[in-house]
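Q: What follows is each chain in one-letter form.
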Amino acid sequence: MSTKTNTIERHGNGSAKSSTLKEICARAITKSEWEDKEEFLDVIYWSRQVFGIILGVIWGIVPLKGFLGLVLFAGISCGIVYLYAINFQNVDEEAYGGVWELVKEGFMTSFAGFLVTWIIFYTGLHYDTIMAAKSS
Amino acid sequence: MWSDTILIVFISVCTAFLGEGLTWVLVYRTEKYQKLKTEVEKQSKKLERRKEIHGDSLDKAVKKKIERDEEKLKNNNRDLSLVKMKSMFATGFAFTALLSMFNSIFDGRVVAQLPFTPISWIQGLSHRNLAGEDYTDCSFIFLYILCTMSIRQNIQKMLGFAPSRAASKQGGGLFGAPPGQFK
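These protein sequences, in sequence, are chains C and V. Each residue of the first sequence is one higher than the last, beginning at 1 in my numbering. Each residue of the second sequence is one higher than the last, beginning at 1001 in my numbering.
One or more hints might be untrue.
Calculated pairs, BS3-like style, for lysine-lysine (alpha carbon to alpha carbon, straight line, at most 30 Å) [stated by the list, open to error]: (1) 1063/V <-> 37/C; (2) 1042/V <-> 104/C; (3) 1072/V <-> 104/C; (4) 1032/V <-> 37/C; (5) 1032/V <-> 1060/V; (6) 1157/V <-> 104/C; (7) 22/C <-> 1042/V; (8) 1046/V <-> 1086/V; (9) 1060/V <-> 1086/V; (10) 1157/V <-> 1032/V; (11) 1037/V <-> 1084/V.
Which bits of chain C does chain V cover? Going by a derived footprint, with three or more residues having C-beta under 8 Å, they are [unchecked claim]: (12) 35–45; (13) 57–69.
In silico negatives: residues of chain C with every beta carbon more than 12 Å from chain V [what the hints assert, rightly or not]: (14) 19; (15) 24; (16) 49; (17) 76; (18) 93; (19) 109; (20) 122.
These are computed hints drawn from the structure, not numbers from a lab. Source: prediction; values computed, not measured. Glycine is no exception: its CB is placed at the ideal position from the N, C-alpha and C atoms.
Please model the entire structure based on the sequences and the hints provided.
A: Dropping the structure here:
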């Protein structure tokens, strides 16, 4: 038993170290096998952060307002992660402890990042309009 | 209006690096922490794998072994939390001082406009020290907390200081639920 565990462990660590960022990115955008679970979760985590910031900028530029903006972000963010992991990469959700584990990976951090960029762009770009609407 | 918000983002990046730097000096570089961390990580992974393999096995010996491992992991996790505690106090003090300084600088100032009206129990934070009843006004502290939430965790992860997923899943240290409780 212990021999088996050690082999898997060494293999897992080895593959994590040998793959560079470039390789991981290349594997992330194509359909590939993910032997190292941590690596796949990292891909989800970081792409989610970037995605959250991009959505925040778009919401701020549009500008989207109110509860709708929050719900839309949560829906799109979780939906895309779900579709990406289950439909595109075809990973076995049970190996990760269920869909929920995948969907919530890095959600709060990306949500905070999204809120910050949304607030900053909304305030920066539309300050005069907001103030005019408030004073009228 | 850009200046205030960008300044707050900058402040939170600086404080995040400061916090991590302080923790590195006090905790991360110490031998004791590194030893404990590798130990916890190794044990968590081992335990997770063992649970996967023997999932619903009713074998008493296996169960006992898993329980013993969980107990060991719990003890190590507790030791790790105790080691971290020292720096938590130090950074806690430093941050309270810094925060009260920034709070007085931004006192009563609307730093941003929120594109949504926060729910009532967040309004106390987002409207702290601000005059008026307009809850889309955003106070310094709210934006700072949001920035810290995203920036500090990402910096931790980037620098490799964040606890591994296996370790945090198997038990959250002193205050976390005992491992295996939800299984």
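Q: So, for every hint listed, does it hold in this structure?
A: Results for each hint:
no. : hint              : in the structure
1   : 1063/V <-> 37/C   : holds (25 Å)
2   : 1042/V <-> 104/C  : holds (24 Å)
3   : 1072/V <-> 104/C  : holds (28 Å)
4   : 1032/V <-> 37/C   : holds (28 Å)
5   : 1032/V <-> 1060/V : violated (35 Å)
6   : 1157/V <-> 104/C  : holds (16 Å)
7   : 22/C <-> 1042/V   : holds (28 Å)
8   : 1046/V <-> 1086/V : holds (29 Å)
9   : 1060/V <-> 1086/V : violated (40 Å)
10  : 1157/V <-> 1032/V : holds (21 Å)
11  : 1037/V <-> 1084/V : holds (11 Å)
12  : 35–45             : holds (count 3)
13  : 57–69             : holds (count 8)
14  : 19                : holds (16 Å)
15  : 24                : holds (15 Å)
16  : 49                : violated (6 Å)
17  : 76                : holds (16 Å)
18  : 93                : holds (14 Å)
19  : 109               : violated (5 Å)
20  : 122               : violated (4 Å)
Violated hints, listed in ascending order, are 5, 9, 16, 19, 20; each of the other numbered hints is respected by the structure.
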